[in-house]
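There are 2 protein chains.
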Amino acid sequence: MDRDQAEELRALQDTLFFIGGKWRIPVINALCNGHRRFREIERSIPGITTRMLSKELKEMEMNKLVKRTVYDDTPVLVEYEPTTYCRTFGKIIGEMIAWGREHRKEVTKD
Amino acid sequence: MDRDQAEELRALQDTLFFIGGKWRIPVINALCNGHRRFREIERSIPGITTRMLSKELKEMEMNKLVKRTVYDDTPVLVEYEPTTYCRTFGKIIGEMIAWGREHRKEVTKD
Chain A
269 MDRDQAEELR
279 ALQDTLFFIG
289 GKWRIPVINA
299 LCNGHRRFRE
309 IERSIPGITT
319 RMLSKELKEM
329 EMNKLVKRTV
339 YDDTPVLVEY
349 EPTTYCRTFG
359 KIIGEMIAWG
369 REHRKEVTKD
Chain B
269 MDRDQAEELR
279 ALQDTLFFIG
289 GKWRIPVINA
299 LCNGHRRFRE
309 IERSIPGITT
319 RMLSKELKEM
329 EMNKLVKRTV
339 YDDTPVLVEY
349 EPTTYCRTFG
359 KIIGEMIAWG
369 REHRKEVTKD
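So the protein sequences, as listed, match chains A and B.
When you number the first sequence by the working numbering, it's gap-free, plus one each residue, and the end is 378.
When you number the second sequence by the working numbering, it's gap-free, plus one each residue, and the end is 378.
It is worth saying that the hints were derived from the structure and are not from the lab.
Keep in mind that the hints are not guaranteed to be accurate.
Put simply, identical chains are the same to the list, so a pair is met inside one copy or across any two.
Here are the simulated BS3-like cross-link-like pairs (lysine-lysine), alpha carbons at most 25 Å apart as the crow flies [as the list claims (entries may be wrong)]:
{"no.": "1", "residue 1": "Lys290", "residue 2": "Lys359"}
{"no.": "2", "residue 1": "Lys323", "residue 2": "Lys290"}
{"no.": "3", "residue 1": "Lys326", "residue 2": "Lys359"}
{"no.": "4", "residue 1": "Lys290", "residue 2": "Lys326"}
{"no.": "5", "residue 1": "Lys335", "residue 2": "Lys377"}
{"no.": "6", "residue 1": "Lys332", "residue 2": "Lys290"}
{"no.": "7", "residue 1": "Lys359", "residue 2": "Lys335"}
{"no.": "8", "residue 1": "Lys335", "residue 2": "Lys323"}
{"no.": "9", "residue 1": "Lys377", "residue 2": "Lys359"}
{"no.": "10", "residue 1": "Lys323", "residue 2": "Lys373"}
{"no.": "11", "residue 1": "Lys373", "residue 2": "Lys359"}
All values derive from a computational prediction rather than experimental measurement.
Looking at chain A on its own, in the form it has when it is part of the complex:
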């Protein structure tokens, strides 16, 4: 098999850069799980602060990972929706969940 290790590493580091930080992946996961309102997303991720979530969602909007829609209602309703692009992280997240589960089984075995 012909493998270009430098190219592989570049691809890997691009991904790591993109999902960098401890909150990006949990926020993507929350959006893909159907959470749409700020407080809903916030409540679904224990430990995240309002400030961090706000920062994440702004960055994710700039990176076209999330679509923010403001409904002119009283009170104003804001919804966050994952883009198709955002959903491309599904497989990575799936593998991470599977790994975390196995890891927990190992750790709690003894």
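Following the hints, position chain B against chain A.
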């Protein structure tokens, strides 16, 4: 489908915690690609400093991700080997490489 979102998130965050930092995954990848000596690993990861790699390998040894063997030779030969546990990250790394490649294609399309 019965899904426990809190449990999923816990598994996800365990994994993120474990692979935290920008160098853990590239170092695991280098080891799984067959690099064994410190300088070899270092050279295979552009941007990593001697200090960062040294810190990573020490932490990975403590976490049983890497086995360090010292051969009593002149000069002393030290080899790092990925454990079976280390290799369980293979699927996550594979998905990350695939994502990074797709991302590059998208970005360079226009």
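* Asked: How would you label the pair Lys323, Lys290 (within, between, both, or neither) given a Cα cut-off of 25 Å?
  -> Answer is both; intra-copy 13 Å and inter-copy 20 Å each pass.
* For the identical chains here, do Lys290 and Lys359 meet the 25 Å Cα criterion within one copy, between copies, both, or neither? -> both (18 Å within a copy, 20 Å between copies)
* Asked: At most 25 Å between C-alpha atoms: does Lys359 with Lys335 qualify within a copy, between copies, both, or neither?
  -> within (21 Å within a copy, 30 Å between copies)
* To do: Classify it for me, Lys335 with Lys323: is the Cα-Cα distance of at most 25 Å met within a copy, between copies, both or neither?
  => For Lys335 and Lys323, only the intra-copy Cα distance (15 Å) is at most 25 Å; the inter-copy one is 39 Å.
* Lys335 and Lys377: within-copy, between-copy, both or neither at 25 Å Cα -> Between copies only: 22 Å across chains, 42 Å inside a chain, cut-off 25 Å.
* Classify it for me, Lys373 with Lys359: is the Cα-Cα distance of at most 25 Å met within a copy, between copies, both or neither? => both (21 Å within a copy, 18 Å between copies)
* Asked: Should Lys326 paired with Lys359 be assigned to within, between, both, or neither, using CA atoms and 25 Å as the limit?
  -> Answer is within: at 24 Å inside a copy they meet the 25 Å cutoff, but 30 Å across does not.
* Lys323 and Lys373: within-copy, between-copy, both or neither at 25 Å Cα -> Neither: 34 Å inside a chain and 27 Å across chains, both beyond 25 Å.
* How do Lys377 and Lys359 come out at 25 Å by Cα distance, when the copy is not named: within, between, both, or neither? -> between (27 Å within a copy, 23 Å between copies)
* How would you label the pair Lys332, Lys290 (within, between, both, or neither) given a Cα cut-off of 25 Å? -> both (19 Å within a copy, 23 Å between copies)
* **Homomeric proximity label, Lys290 with Lys326: Cα distance no greater than 25 Å** => both (16 Å within a copy, 22 Å between copies)
Checked against the numbered hints given earlier, this structure breaks only hint 10.
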